[in-house]
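Protein chains in written order, with our numbering: chain A, 1 to 440; chain B, 441 to 692.
FYI, nobody ran anything at the bench for these hints, they're computed from the structure.
Glycine included, C-beta positions come from ideal geometry on N, C-alpha and C.
Just to be clear, a hint being listed does not mean it is correct.
Said to hold, decoys possible - Per label pair, the in silico range of CB-to-CB distance:
# : chain 1 : residue 1 : chain 2 : residue 2 : range
1 : B       : V635      : A       : A284      : 35 to 41 Å
2 : A       : A239      : B       : L547      : 46 to 52 Å
3 : A       : A77       : B       : R665      : 20 to 26 Å
4 : B       : H481      : A       : A239      : 33 to 39 Å
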Amino acid sequence: MTERQSYAVPVPKGYRVGAWEVREPIAAGAFGSVYGGRQRDGQPSVAALKFLPTGTRTPRQLSHLRDLAEREVELLARLRAPRLIRMYDTLTVDDPDHPELDGATVLVLEKAEASLDRLLAAEPRPESGPALLAQICEGLHQLHHAGWVHGDLKPANVLLMKDGSVRLADFNMAAELEGTHAYAPAFSTPDYTAPELLWPEIDERGTRIRPSADIWAFGVLAHTVLTGTFPMPGGTTEARTDATARYARGTEELRLSAELPDTWRDIIRDCLAPTHAERVTTQALLRRVEETAGTSPSPRLPRLRPRRWRRPVLAAALAAVLLGTATAAYTLRDQEATAASAPPTCERPMPYEDARYGRGYTAGWSGTWDFTVKQGEGGSQVRELQCLLRHLHGITGVGEADGIFGPKTHEAVVTLQKRTGLTADGVVDTPTWRALRSAP
Amino acid sequence: MYSVIVVPPSCEGPEDQIRIASGERLVFGRAARDNGLTIAHAGVARVAGEITAHRSFWLLSNLSADQTYVVENPEGAGELIKVAPGRVEAPVPFEFSRVVLPAAGDLLTFDVWAPRHAFRSADRQVLSGTMTTPAFVLDRTTRYFAVLAALCEPRLRGEPHAPLPTTEQLVDRLRSGWPEVSSSAVNWNIDYLTVKLRLRPGPETAEPGRRVNGKKESLVSLALRFDLVREDDLVMLAPVPADSPSPSGVSR
Numbered sequence: 001m002t003e004r005q006s007y008a009v010p011v012p013k014g015y016r017v018g019a020w021e022v023r024e025p026i027a028a029g030a031f032g033s034v035y036g037g038r039q040r041d042g043q044p045s046v047a048a049l050k051f052l053p054t055g056t057r058t059p060r061q062l063s064h065l066r067d068l069a070e071r072e073v074e075l076l077a078r079l080r081a082p083r084l085i086r087m088y089d090t091l092t093v094d095d096p097d098h099p100e101l102d103g104a105t106v107l108v109l110e111k112a113e114a115s116l117d118r119l120l121a122a123e124p125r126p127e128s129g130p131a132l133l134a135q136i137c138e139g140l141h142q143l144h145h146a147g148w149v150h151g152d153l154k155p156a157n158v159l160l161m162k163d164g165s166v167r168l169a170d171f172n173m174a175a176e177l178e179g180t181h182a183y184a185p186a187f188s189t190p191d192y193t194a195p196e197l198l199w200p201e202i203d204e205r206g207t208r209i210r211p212s213a214d215i216w217a218f219g220v221l222a223h224t225v226l227t228g229t230f231p232m233p234g235g236t237t238e239a240r241t242d243a244t245a246r247y248a249r250g251t252e253e254l255r256l257s258a259e260l261p262d263t264w265r266d267i268i269r270d271c272l273a274p275t276h277a278e279r280v281t282t283q284a285l286l287r288r289v290e291e292t293a294g295t296s297p298s299p300r301l302p303r304l305r306p307r308r309w310r311r312p313v314l315a316a317a318l319a320a321v322l323l324g325t326a327t328a329a330y331t332l333r334d335q336e337a338t339a340a341s342a343p344p345t346c347e348r349p350m351p352y353e354d355a356r357y358g359r360g361y362t363a364g365w366s367g368t369w370d371f372t373v374k375q376g377e378g379g380s381q382v383r384e385l386q387c388l389l390r391h392l393h394g395i396t397g398v399g400e401a402d403g404i405f406g407p408k409t410h411e412a413v414v415t416l417q418k419r420t421g422l423t424a425d426g427v428v429d430t431p432t433w434r435a436l437r438s439a440p
Numbered sequence: 441m442y443s444v445i446v447v448p449p450s451c452e453g454p455e456d457q458i459r460i461a462s463g464e465r466l467v468f469g470r471a472a473r474d475n476g477l478t479i480a481h482a483g484v485a486r487v488a489g490e491i492t493a494h495r496s497f498w499l500l501s502n503l504s505a506d507q508t509y510v511v512e513n514p515e516g517a518g519e520l521i522k523v524a525p526g527r528v529e530a531p532v533p534f535e536f537s538r539v540v541l542p543a544a545g546d547l548l549t550f551d552v553w554a555p556r557h558a559f560r561s562a563d564r565q566v567l568s569g570t571m572t573t574p575a576f577v578l579d580r581t582t583r584y585f586a587v588l589a590a591l592c593e594p595r596l597r598g599e600p601h602a603p604l605p606t607t608e609q610l611v612d613r614l615r616s617g618w619p620e621v622s623s624s625a626v627n628w629n630i631d632y633l634t635v636k637l638r639l640r641p642g643p644e645t646a647e648p649g650r651r652v653n654g655k656k657e658s659l660v661s662l663a664l665r666f667d668l669v670r671e672d673d674l675v676m677l678a679p680v681p682a683d684s685p686s687p688s689g690v691s692r
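Excised from the complex, chain A in its bound form (with noise of 0.2 Å):
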């Protein structure tokens, strides 16, 4: 009954903005088109570049298209974080001869391999899902610590790298907190979105929103991604989005898929509760998700295409032993590494290539080089720290490698420091990752 627009920007195949040369279509969001991009000169040389219609004359003139790119422009250029997607430029296309893309925002953006829904229409249950959701809370953290909503958590904005991590993306709905709550523009994804913001009031800023709808999202997320199915009863988004709003009115209850392990079960529960102060908070859920992920059988990153290995002949037999291990697909460079038919672990830190900086070590749980973390702080950062700092660098006083920040690992920090001539503050900056991820 009522027509809407669709906001995909079509950008012909070698049109030139700035330095970039715009390559295959990847996808068409709710908001604009994102397309492969290639520099000659410059690094990276690969990027995905999103246009967003904000244009003079983009058709319809739509002004609230404008607001949301300017949302996601703010967040990327704020806020940097090893699981949000990484943003390098943003262009603003002048071009008067093709006035449909003259004024559109291009976002130079980290290029991903695939997306998360993508990935559950091919395996509908991967078996690397808990490592997956491990990552997602991750990013979720990163997020809410830093004061943002994402405010559209679904697996479509859910993307996955080379090497198999995973990042948060397409940040139009995001915003950023102001106390205890932020305001968002009226959009949402029904089947992901929290009964509180079903039939929201609204405002002329648009809707209130907390982290906590967040942490609804990811909870329908997690079981979406653990047995295939929604967690609300429906075989349409109105009858779930309707058993939505009777569960949270307390007519009915809440059943999860049999499927779901017992843990797994507990946690989407308590994301799922039906007022928001209910809700875990997102630095509890991520302890939760990061032991339960841990813990699971297939703690396996999913492979999105094959190792590239130096000796292809070395590389076909070791791909058969190697099928079936749990492994993230680093790229492994030399005999030292394709020795150890092992993923990295703590006990045993492996070299990797960083697309950035180059060649270092890692112990499995973060690849970061660039995300400072200090004492008091916790995650799978600071685990990586303590394997690095225990198991590469043999400073056995930190202590296990239990991913809290605690006064243990402030001095093993200052140890490192001070043997590699940094400034010994205990604050894991960029030169302290480059200093732990070297062969001591």
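Based on the hints, put chain B in the right spot on chain A.
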């Protein structure tokens, strides 16, 4: 989180409206108990019928022995459904309905609104529940949409700070496409829009000497901010009269 609003015959204001949520029932009749809707007329059965909210629409059960009920769509140019005696859970598809009960020569009526009726874009043929969609999409064929368009018209025509039309101006503007329009009908539609769009009541800003209608102001800024009404929707209104200035040159 109600989905249906029942407006009793002698409704004075929103506090008399009965809001029922999906799955809830409301009994009506001469002696309706349990917070039912009492219709005090000797010609109405003690328990005359039942309304059940179901998702975004509602179901009508006719519990009378021998009377057919009629549900009219007041905006539907005579559109109606008949519910025979004894029929249970007949689905009612209208956003606005008037339930007519024949009672000993009289016709008694009450209204039922279903403001949660959802509209979705036609290009969403692919059945995926995961598209990001606007929190509200309006039905462009309704009168409330015409009222909203008329309310937003001055600002959509390029005067961002134009004063909002008064109710009388709205009535004049809408008359050619809606001959029986009245100021109470316009105000009714404005009130309905605040329900439909779930507008949080804003602070009433009143400057001395000038009464500002906060409700209309909030509606217009919300509608323009989220592009609920766009310039090309204005064609549904009659052309701008030739004697009034028309910055976009639409007058003819």
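Consistency of the hints with the structure:
no.	hint	result
1	B:V635 x A:A284: 35 to 41 Å	holds (38 Å)
2	A:A239 x B:L547: 46 to 52 Å	violated (36 Å)
3	A:A77 x B:R665: 20 to 26 Å	holds (23 Å)
4	B:H481 x A:A239: 33 to 39 Å	holds (38 Å)
In this structure, the one hint that does not hold is number 2.
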